[in-house]
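Kindly generate the complete structure, drawing on both the sequences and the hints.
Protein chains in written order, with our numbering: chain Z, 447 to 723; chain R, 173 to 426; chain F, 50 to 318.
Just so you know, the hints here were simulated from the structure itself, not pulled from any lab data.
Hints may be right or wrong, so weigh each one.
To be verified - Here are the simulated lysine to aspartate or glutamate pairs, EDC-like style, with alpha carbons at most 20 Å apart:
{"hint": "1", "chain 1": "R", "residue 1": "LYS241", "chain 2": "R", "residue 2": "GLU231"}
{"hint": "2", "chain 1": "R", "residue 1": "LYS305", "chain 2": "Z", "residue 2": "ASP722"}
{"hint": "3", "chain 1": "R", "residue 1": "LYS241", "chain 2": "R", "residue 2": "ASP181"}
{"hint": "4", "chain 1": "R", "residue 1": "LYS241", "chain 2": "R", "residue 2": "ASP329"}
{"hint": "5", "chain 1": "Z", "residue 1": "LYS710", "chain 2": "F", "residue 2": "ASP163"}
{"hint": "6", "chain 1": "R", "residue 1": "LYS392", "chain 2": "R", "residue 2": "GLU285"}
To be verified - Footprint (simulated), chain Z over chain R, 3 or more residues, beta carbon under 8 Å:
{"hint": "7", "region": "303 to 316"}
{"hint": "8", "region": "378 to 388"}
Claimed, not checked - Listed below are several chain F residues computed to face chain Z (Cβ distance under 8 Å; list not exhaustive):
{"hint": "9", "residue": "TYR76"}
{"hint": "10", "residue": "PRO79"}
{"hint": "11", "residue": "ILE84"}
{"hint": "12", "residue": "PHE86"}
{"hint": "13", "residue": "MET150"}
{"hint": "14", "residue": "LEU151"}
{"hint": "15", "residue": "VAL154"}
{"hint": "16", "residue": "PHE167"}
{"hint": "17", "residue": "THR175"}
{"hint": "18", "residue": "ARG226"}
{"hint": "19", "residue": "TYR286"}
Source: prediction; values computed, not measured.
Ideal Cβ positions, reconstructed from N, Cα and C, are used throughout, including at glycine.
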Amino acid sequence: MPSVHISDGHAAVGDRPGAEAQPLGERCLTPPALAVTSILAGLLVWELVARAFFQPFTLPAPSAVAAKAFELLRTGNLLGHIAASYTRIFTGFVIGSAVGGLLGIAMGTVSHIRRLLEPLVNFFRFIPPIAWIGPVLIWFGIGEASKVLLIVYTTSFMVLLNALAGISSIPRNQLRAAECFGASTFQVFCLIMLPAAVRYLLTGMRIGLMNSFATIITAEMIAAQSGLGYLILVSFNYSAVDTIFVSIATLGVLGLVTSQLFDKISRLIAWRYYLDA
Amino acid sequence: MDPHILFLDTSFMYPGRTRTREWVLQRFNLAIGKGEFHVLLGPSGCGKTTVLNLVAGFEHPSLGEVWVKGRRVTAPGVDRVVIFQSSDSLYPWLTALQNAEFGLRIAGMPGPERTRRALNFLRLVGLAGQEHKFPCQLSGGMKQRVQLARALAGNADTLLMDEPFGALDAQTRSLLQTELVQLWQQTRYTMLFVTHDISEAILLADRVSVMTSGPGATLKETIDVPLGRPRSVAQPEFGDIYVRLNRLLGKEAA
Amino acid sequence: MVSRSSAQSEPTSSRVAERALYYATVYVLPSAILIAFWDAAARVYGHPQLFPPPLSTFRTFVAAVRDGSLWANSVASMVRIMAGFSIGSVFGVLIGLLMGMLPAVRYVLTPYIDFLRFVSALAWITAFMVWFGVGETSKILLLIYATTFGIAVNVAEGVSAIPTVKLRAAECFGINRRQMFVWVVLPACVPFIVAGMRLALQNSFTAIIAAEMLAANRGLGFLIMSSRIFLQTDRTYVAIVALGVLGFLTDFLLMRAARGFAGRYQLGD
Numbered sequence: 447m448p449s450v451h452i453s454d455g456h457a458a459v460g461d462r463p464g465a466e467a468q469p470l471g472e473r474c475l476t477p478p479a480l481a482v483t484s485i486l487a488g489l490l491v492w493e494l495v496a497r498a499f500f501q502p503f504t505l506p507a508p509s510a511v512a513a514k515a516f517e518l519l520r521t522g523n524l525l526g527h528i529a530a531s532y533t534r535i536f537t538g539f540v541i542g543s544a545v546g547g548l549l550g551i552a553m554g555t556v557s558h559i560r561r562l563l564e565p566l567v568n569f570f571r572f573i574p575p576i577a578w579i580g581p582v583l584i585w586f587g588i589g590e591a592s593k594v595l596l597i598v599y600t601t602s603f604m605v606l607l608n609a610l611a612g613i614s615s616i617p618r619n620q621l622r623a624a625e626c627f628g629a630s631t632f633q634v635f636c637l638i639m640l641p642a643a644v645r646y647l648l649t650g651m652r653i654g655l656m657n658s659f660a661t662i663i664t665a666e667m668i669a670a671q672s673g674l675g676y677l678i679l680v681s682f683n684y685s686a687v688d689t690i691f692v693s694i695a696t697l698g699v700l701g702l703v704t705s706q707l708f709d710k711i712s713r714l715i716a717w718r719y720y721l722d723a
Numbered sequence: 173m174d175p176h177i178l179f180l181d182t183s184f185m186y187p188g189r190t191r192t193r194e195w196v197l198q199r200f201n202l203a204i205g206k207g208e209f210h211v212l213l214g215p216s217g218c219g220k221t222t223v224l225n226l227v228a229g230f231e232h233p234s235l236g237e238v239w240v241k242g243r244r245v246t247a248p249g250v251d252r253v254v255i256f257q258s259s260d261s262l263y264p265w266l267t268a269l270q271n272a273e274f275g276l277r278i279a280g281m282p283g284p285e286r287t288r289r290a291l292n293f294l295r296l297v298g299l300a301g302q303e304h305k306f307p308c309q310l311s312g313g314m315k316q317r318v319q320l321a322r323a324l325a326g327n328a329d330t331l332l333m334d335e336p337f338g339a340l341d342a343q344t345r346s347l348l349q350t351e352l353v354q355l356w357q358q359t360r361y362t363m364l365f366v367t368h369d370i371s372e373a374i375l376l377a378d379r380v381s382v383m384t385s386g387p388g389a390t391l392k393e394t395i396d397v398p399l400g401r402p403r404s405v406a407q408p409e410f411g412d413i414y415v416r417l418n419r420l421l422g423k424e425a426a
Numbered sequence: 050m051v052s053r054s055s056a057q058s059e060p061t062s063s064r065v066a067e068r069a070l071y072y073a074t075v076y077v078l079p080s081a082i083l084i085a086f087w088d089a090a091a092r093v094y095g096h097p098q099l100f101p102p103p104l105s106t107f108r109t110f111v112a113a114v115r116d117g118s119l120w121a122n123s124v125a126s127m128v129r130i131m132a133g134f135s136i137g138s139v140f141g142v143l144i145g146l147l148m149g150m151l152p153a154v155r156y157v158l159t160p161y162i163d164f165l166r167f168v169s170a171l172a173w174i175t176a177f178m179v180w181f182g183v184g185e186t187s188k189i190l191l192l193i194y195a196t197t198f199g200i201a202v203n204v205a206e207g208v209s210a211i212p213t214v215k216l217r218a219a220e221c222f223g224i225n226r227r228q229m230f231v232w233v234v235l236p237a238c239v240p241f242i243v244a245g246m247r248l249a250l251q252n253s254f255t256a257i258i259a260a261e262m263l264a265a266n267r268g269l270g271f272l273i274m275s276s277r278i279f280l281q282t283d284r285t286y287v288a289i290v291a292l293g294v295l296g297f298l299t300d301f302l303l304m305r306a307a308r309g310f311a312g313r314y315q316l317g318d
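So this is what it looks like as C-alpha cells:
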C-alpha cells in the first residue's frame, strides 16, 4: 500500500459530517497524555464524589464498578452475555449489510427501482428500528429470530441510504468519460458505480453496526434471557447499579473497539476506494 | 472537402427548462476541418462547454444538427474523446496507468497489450515513472496529462478539450500548451479546444472562433492565426491578433 | 426547489395536471404497491389478529383517532421529545462552541465524548430510572443525553472546520474576539448545528420509544408495548405509522425553520 493521504471528505448518511476521518481526539490534536490525564482526573472526581455523597446502590465508585466487573468476569456470566449480544449483532449485521447493499445499489443504478422505493424508504427511515419490536415479537416470538431481524432492519437501512448516496455522488465527468469510450451499462456498473460505492457501503455498515448496539440493548431488555441488555434489566430489578455500570461500560468499549476495528480493517483491505480524486 | 465537425443552425436549451425559453445557443454555425486545431473563445458562461458537449454527444441539439465526419451526432462515440477541465473525471481508485488503460479496458483489449499501449502514451505525455501513482498523489498538471494519455490511448481522432489548463499555474500551463502543440503536430488529431484565455487561443489555434456572450450565444467571428509554429507571445504578429481578439471579446465581456 | 420554480412561472392547468400525475406516480403508486403487498401477506399469514390486513388497521386507526388515544399518546411522546431536545440542543451548542473555541475545554471533554458516543442513550435508561424515578424527569434527562453529545461534537467540528482565511480576513479589519465570535464563528457553524440537531432529533425518537416501552403509561412507545401484550397488532401498526409521520414532520419543520432562519449559511440537504 503506497503512503497516500487518505481523507474522508464524503458525507455519510446518519452520521455526523466527517466522522470517519479520525476520532475527534486526533483531529483536534489532543495529546494522548492529556487525554489520559483527563480520564484519570474524571475517575478520581467520580470516586471521591461517589464515596462522599452517594450510597453504593445509587452511584457506585469506579473502584467498586471495576471490582464488580472482575467478579462478573470470573463467575463467567459477563462473557456469556457479551457473546450472546455479539452473536445477535453479528448475524443481523451480515444479513442486513447484504440486503441493504443490494437494495441501495439497485436503487442507485436503476431509476425505476429508485422511484418506486424512495417514498417508502423516506417514510420508514423516520421509524426508529426499536419501534418494530412490537410486531416482530408478535410474528416471530421471543426467540433469536426476532432480535436478529431487528438488527437486520437497523443495519440494512443505514447501508441502503449510504450506498444510494455513494452512487448518486459520482461526479458526472466520471460517467461521461466512460461514455466517451463507449462503455456499456454493465461496464459502467462494474467499473465505476460499484467501486465508487465501496467506501459508502463500508461507512454505512460501520454506522449500522454502531446503531445495532443501541437496538440490541433495548431488544434484550424487553425480550431475552441473555445478553448485555438482559443483564442491565435484571440488575435494575435487583437495584444492582454497579452491574448496570459494568454493562454500560462493556457496551461502550465493545462499540468503540468494534467500530474502530471495522474502520481500520475496511481501510486496510479497501484502501484504494478511500482515495480522493 | 467535407468539414470534420459541422454545426448547422444549432440551437440548444436544457430539456425541461423550455418554459423559461432561455436558449443557451441560438443558430450556431461552425465548420472545422480535418486535422485542424480549432479554438473556441468566449466569455465565461457563454455556452462554450455546451458546444463541446454537443459534439461529444452528451447533449443533443434542440434545433438544428451537429455532424462529425459526415454523420449526425446522436450519442457519444469512441472517435471523439473529451478532456475535462476538472480532473474529477479520473477514477481515484485507479493508478495513473489503470486510468490511462481505462478506454482500452472498455474496448476489451487483453491485459498485457493494453498495458504496453497505455505505458507508451503515459511516456508520450511525460509521465514515465509515475504510472503507479494514484490521482491524489499527482499534481494538477500531471492529472491533466493522465487524462490526455487516457484520451490518446483510445482510438479517437477528435480531441475535445474543455479548458483543460484552466486550473493550472502559469508555468505548467505554458509547458503543457507547448507539449500539446507538439503532440498535435505528430498525430494530427482534429482539435476543438475551449478557452477564455486569448493568449492561449493564439498560441494553439489554426483558427479561433469568438462567441457572443449568452444567453442565446452564437458565433461572432472566426479568424485565422497565420503564425508559424512554434509560437511565442514575443512575435510582433501575436500582439496584432491579440488586440483584434481582445476587441472582439471586449464587447462581449460584462 | 420545486416550489420555488413553480412560484416564478405562472401555474397553468396543464402544469397542475402534470404535477398531479407526477405525485400520483411517485407517491401513490409505491404506497399502493406496499398496501397490496401487505394485504396479500396478511391473507397468506391467515391470522388477522397477529398480522392484520390494511383495512382493519385503518379501522383501528379511525377508532384510535376518535377515542383520542392516538392523540393523547402522540402528545405525550412529543412533549417529552420537545422538552429534552430543546434543552439538549442548547447544551450541545454551548458545549460545542466552548470546545471549539477553548482548547482547554476541548482537551478535557474530547476523551469522554469519544467514548460516550458509543454508549447509546438506551443503555442509560435503567440507570436514569434508578436515579430519577420512572416519571417525566428521567425521560427528559435521557433525551437531553441523547441530544447533547451529537450536537456538541458537530459544533466543535464546525468551529475547527472554519477555513483559516476566513478568520484572517476578519483579523485584517481589526475584529475583536466578541465580534469574531458573533460575525464569523457562529455563522460558519450554522450548517453543523443544523446537521447535529437533525441527527439528534432522530436519536430522540429512538430513545423516547425505548424509554416508554420500558417504563411509561403514556406515549407511543407505551402504546406499542401495551398493544403487544394484548395481541392488538393493528394498534402497534397505528403507533408505528404515527411515529413515522411525526418523525417526518418534525424533521421537515426543523429543516424548514433552519432554512427560514439560516438559509444563507449553505445548509446541506
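Interface hint outcome for F/LEU151 [beta carbon to chain Z under 8 Å]: 11 Å, violated
Residue hint F/PHE86, partner chain Z, criterion CB-CB below 8 Å: 10 Å, violated
Outcome, coverage hint (the region 303 to 316 of chain R, chain Z; C-beta under 8 Å; three residues): Per the Cβ count (6), the hint holds.
Hint check, F/ARG226 versus chain Z [nearest Cβ-Cβ separation less than 8 Å]: 20 Å, violated
Pair hint R/LYS392 and R/GLU285, alpha-carbon separation not exceeding 20 Å: 46 Å, violated
Pairwise hint evaluation, Z/ASP722 against R/LYS305, where the allowed Cα distance is 20 Å at most: 13 Å, holds
Chain Z contact restraint on F/PHE167 - CB to CB distance below 8 Å: 4 Å, holds
Interface restraint verdict for F/MET150 against chain Z (beta-carbon cut-off 8 Å): With a closest approach of 12 Å, the F/MET150 hint is violated.
Restraint outcome when F/TYR76 is required to lie within 8 Å of chain Z by C-beta distance: 5 Å, holds
Satisfaction of hint between F/ASP163 and Z/LYS710, Cα-Cα up to 20 Å: Between Z/LYS710 and F/ASP163 the Cα gap is close to 17 Å, so the pair holds against 20 Å.
Pair hint R/LYS241 and R/ASP329, alpha-carbon separation not exceeding 20 Å: 10 Å, holds
Supplied contact hint for F/ILE84, tested at 8 Å Cβ to chain Z: Cβ of F/ILE84 sits 11 Å from chain Z, so the hint is violated.
Consistency with the previously given hints fails for numbers 6, 8, 11, 12, 13, 14, 15 and 18, ordered from lowest to highest.
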